[in-house]
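J.: Sequence:
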Amino acid sequence: MATAIPLTKMTNDVSDFTPYAARARSELEIYEDFFSTEGEPIVVFIMVTRKGGGTMLGTRQLNETIRKGLLVNSNFNQTTSSIDLGYPSTTVLGRKFHVDTNFFGVRVEVVKEDGKREVISLDQIRAVNGRSVLDNEQAHVLNNVRDVRMVVLQLRAQKPAGALREDVERYEGDVVDFLKRNFSSTLVDVVVMTPSFLKSEIVRAGLLLAPFSLFGFLIMCVFSSVTATISATFMSQMNVGKIILAIAACVCPFMACGTALGALFWMGMRFGSILCVTPFLVLAIGVDDAFLMINSWQRNNRRLRLFPERDQQGQPKVAGVSKRIEAMFEDIGPSVTITTFTNVLAFGIGSLTPTPEIRLFCIGNASAMIVDLIYQITFFGSVMAIITRHEVQKEKKALLEKTVDNNCSKPFGHTIRKTLRSGMDKYCSIICNKYVSALILGVMTVYWSLSIYGTITMKAELRPVQLFSRDSDMITVGSSEFLPVMVLHHRDDYITPYYSTCYVFVTRPGNISEPANLRKLNELVEDFEKLPRSLGRFSTKFWLRDYEQFIDSAENILEEDDNYATNRTIVETNVGKANELLKFLDWPEFRFWKGFMHYHINKRGEVVLDNFFFTTASHGHELKRWSQRADLMHQWRSVVDKYTDLGVSVYEDDAKFLDLIGTMATQTIQSSLCTLICMVLVCLLFIKRVSAVLIATFSIVSTCIGVFGILSLWGVDLDPIVMSAVIMSIGFSVDIPAHVTYHFYKTSGTTVEARLQHCLAAITFPVLQAALSTLLCVLSLLFVPIHMSVVFVKTMVLVVVIGLIHGLIVIPVFFSVVSRLSISKIFNESTKSVDRGANAFLDNAAVSKN
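At position 840 of the sequence shown the residue is numbered 840 (full-length UniProt numbering), and the sequence of numbers has no breaks.
Simulated from the structure, these hints should not be mistaken for laboratory data.
Incorrect hints may have been included.
To be verified - Pairs of lysine-lysine residues, derived as PhoX-like cross-links and limited to a Cα-Cα distance of at most 25 Å, are as follows:
no., residue 1, residue 2
1, Lys159, Lys199
2, Lys530, Lys112
3, Lys9, Lys159
4, Lys530, Lys520
5, Lys418, Lys603
6, Lys594, Lys624
7, Lys594, Lys159
8, Lys541, Lys603
9, Lys418, Lys394
10, Lys459, Lys426
11, Lys520, Lys624
12, Lys96, Lys642
13, Lys594, Lys688
14, Lys199, Lys180
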């Protein structure tokens with residue numbers, strides 16, 4: 001099964017974080033359908049900026065851009081009476097063309113109402129009734145451009161028939177490679193962005209995790225060997241086999257990942273970059289189950305040495321390997337089961353979310369954890385049976401020679417146990433002190449207040465920059481320095497706040513020869529131009545306005561004709577008719593509008609308009625925040641929803657992200673509540689007392705709120721990666737509260753302090769061992785400079801630290817306070833007998849995840 005992993009190509013797309021039912025998906029289909037008449041569109045964006053920053057208006061910078069064919073006008077730096085280097089449109093020898101879609105970070109000079117001139121930037125423009133100062137001819141200044149920070153060129157092509165997606169990606173890659181090989185400049189920086197390169201960068205970010213999974217494995221091998229040595233030495237059972245078992249404990253989770261993910265890939269599941277985190281999580285969880293098995297074996301061995309089994313004649317005998325393995329599984333069965341069950345359940349609920357990448361992550365993790373449990377029982381159990389056979393044979397030999405080693409009661413070990421027991425007694429005495437309890441509850445009140453505040457104020461934001469590695473340059477050409485995610489920074493600095501473009505597709509335009517239909521199309525455009533953030537009429541690229549101007553010009557020519565009366569009849573017959581569209585599109589000045597529409601000629605020889613699109617733009621510094629862009633997207637959609645008869649659809653490049661922003665909070669709350677409820681039900685399966693479940697549940701909720709709130713205060717915004725981590729953290733937060741409360745209520749003792757002593761003495765070492773192993777494993781992710789690794793590390797650190805504090809401090813304080821307030825009699829109830837499996841669970845109640 002694992003062979004499928006290297007044979008499966010990792011694939012990612014920016015739409016992987018878009019919910020399946022998101023409106024952006026249907027809008028994307030309309031966009032692709034329009035541009036894919038002859039195949040998938042090929043798009044290359046080239047961004048040119050001055051090296052070191054500054055204006056691009058210098059002659060040398062423009063010439064450098066021109067030199068590589070990025071711009072074609074060799075006289076761009078000249079000024080004559082027939083040339084107006086204006087913005088938003090430039091006129092050269094009577095020909096006007098738009099430059100507002102190519103020049104960004106622009107400052108222009110305009111004439112104010114009082115006649116004075118002023119230089120303004122686009123963010124200072126305010127449109128009134130769809131018109132701004134740049135739409136006012138009286139405010140226009142000849143050659144009004146005073147500053148340009150970035151030039152953007154869009155190269156678009158259509159995929160030839162028969163070409164594959166790989167061919168398109170290869171072509172776009174060749175464009176990028178060509179610029180890298182053939183363009184170098186000391187004056188300008190050129191950055192290239194293509195869809196295929198974006199995908200490859202996302203994949204590259206995920207692949208960065210792969211080498212560090214081996215690093216995490218080595219760290220865990222060392223840690224497991226050290227802790228196994230300490231534990232075995234303390235129990236007087238140290239031998240080389242324990243080191244082998246420690247290493248096998250780390251191999252087992254990797255085998256589970258290979259089998260589970262390989263099987264999923266064979267069944268056709270996509271290999272997404274987020275699955276590169278799975279080996280770290282499964283390793284951190286799975287190795288702790290192995291710790292339980294090793295510790296259980298050693299405790300059983302110690303018990304059999306001190307109190308050996310006896311035959312019918314009363315003579316001591318040595319239990320065989322099979323019987324000891326059976327006792328071990330009976331011991332740790334409930335503990336390992338609750339560990340796996342809670343995690344699989346948490347990820348299972350997460351797999352129901354409508355976001356593809358989160359669903360992929362949860363399915364992969366849940367499958368790997370199920371397989372890991374199977375391997376722990378079969379593979380690791382078999383390895384343990386083989387390795388420990390030597391121990392059993394040694395005990396049999398010692399028994400025959402009447403030299404049973406009872407060294408577990410040597411003075412050194414007895415001294416250590418006495419010291420630890422004394423320290424535990426003092427700790428429990430301090431925890432049960434009413435003043436200490438009051439102080440801890442006061443600190444917890446501050447903690448809860450901060451956590452709730454952080455949870456409430458957590459912002460739902462999504463930044464594509466977080467999908468890439470920090471050393472991604474996306475790509476910087478002609479520069480010897482790394483400029484991290486330069487493309488996205490350029491867009492946020494120069495494009496989005498000043499000129500956020502919206503594509504509006506009209507799929508059922510109707511008959512343009514009907515005046516009523518023409519009015520409706522114009523009203524549609526005007527509604528966009530009247531939106532609060534609209535740049536106004538000048539930013540709209542709408543072919544119908546030029547078409548009407550073309551018809552008007554034809555009428556003027558006819559009026560000057562000597563045969564005006566005769567020709568007028570022809571004009572009145574044809575003006576506004578669809579068959580004038582071909583003449584309009586054949587005119588050199590308007591030929592570029594062909595790319596904005598699709599049409600066909602019917603059987604009567606008439607031109608029928610099938611569909612078209614227009615563009616308009618908005619602005620505002622607040623649009624740097626994705627939540628504000630989502631609000632703008634909602635305004636655009638509100639406009640198109642009024643024109644359903646025209647089949648209007650809006651498209652924005654980042655709509656796939658913007659749609660997720662509005663649903664992330666709701667999805668996270670729903671998934672969290674559902675998961676928490678399921679965790680409570682799991683606790684009820686293992687903890688029979690309702691009061692114990694209430695304390696455990698309160699601790700779980702407290703831990704989860706702390707993780708959410710502190711993540712927010714730590715500067716982490718809610719995004720799909722954080723959603724995945726949140727779902728994961730709920731499952732991880734169950735173990736310590738459940739195990740501590742369960743063990744507390746099943747131990748003997750007439751006072752809270754006595755019960756705490758028995759409880760903490762049994763679980764403290766395995767809890768600390770599990771916590772440290774998890775931290776060491778996930779901290780290796782910090783070597784990978786991507787957002788995903790940082791989020792998971794922060795989440796796991798918080799879960800481990802907060803979980804330990806709750807399990808070893810807060811829950812004992814709750815026990816003390818509740819008993820002191822005498823609100824329950826459960827502390828004085830006699831302990832009822834429980835089955836051997838439950839008792840074993842108590843003795844081995846260790847957190848296998850935190």
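J.: For Lys96 and Lys642, compute the direct alpha-carbon distance and say whether it is at most 25 Å.
T.: Violated. Lys96 to Lys642 sits at ~33 Å, over the 25 Å cutoff.
J.: Are the Cα atoms of Lys159 and Lys199 separated by 25 Å or less?
T.: Distance ~18 Å between Lys159 and Lys199 Cα, so the pair holds.
J.: Are the Cα atoms of Lys594 and Lys624 separated by 25 Å or less?
T.: violated (33 Å)
J.: Please verify whether Lys418 and Lys603 have alpha carbons no more than 25 Å apart.
T.: Violated - the C-alpha atoms of Lys603 and Lys418 are around 101 Å apart, more than 25 Å.
J.: Quickly compare the C-alpha distance for Lys530 and Lys112 to 25 Å and report which way the hint goes.
T.: holds (22 Å)
J.: Quick one, are Lys520 and Lys624 close enough, alpha carbons at most 25 Å?
T.: Outside the cut-off at roughly 33 Å; violated.
J.: Are the Cα positions of Lys594 and Lys159 separated by 25 Å at most?
T.: It holds: about 18 Å lies between the C-alpha atoms, which stays within 25 Å.
J.: Does Lys426 sit within 25 Å of Lys459, going by the straight-line distance between their CA atoms?
T.: violated (44 Å)
J.: Are the Cα atoms of Lys594 and Lys688 separated by 25 Å or less?
T.: violated (74 Å)
J.: Mind checking the alpha carbons of Lys9 and Lys159 for me, to see if they're no more than 25 Å apart?
T.: holds (23 Å)
J.: Given the hinted pair Lys541 and Lys603, is their Cα-Cα distance within 25 Å?
T.: violated (31 Å)
J.: Given the hinted pair Lys530 and Lys520, is their alpha-carbon gap at most 25 Å?
T.: holds (15 Å)
Of the numbered hints given earlier, the model fails hints 5, 6, 8, 9, 10, 11, 12, 13; all others are met.
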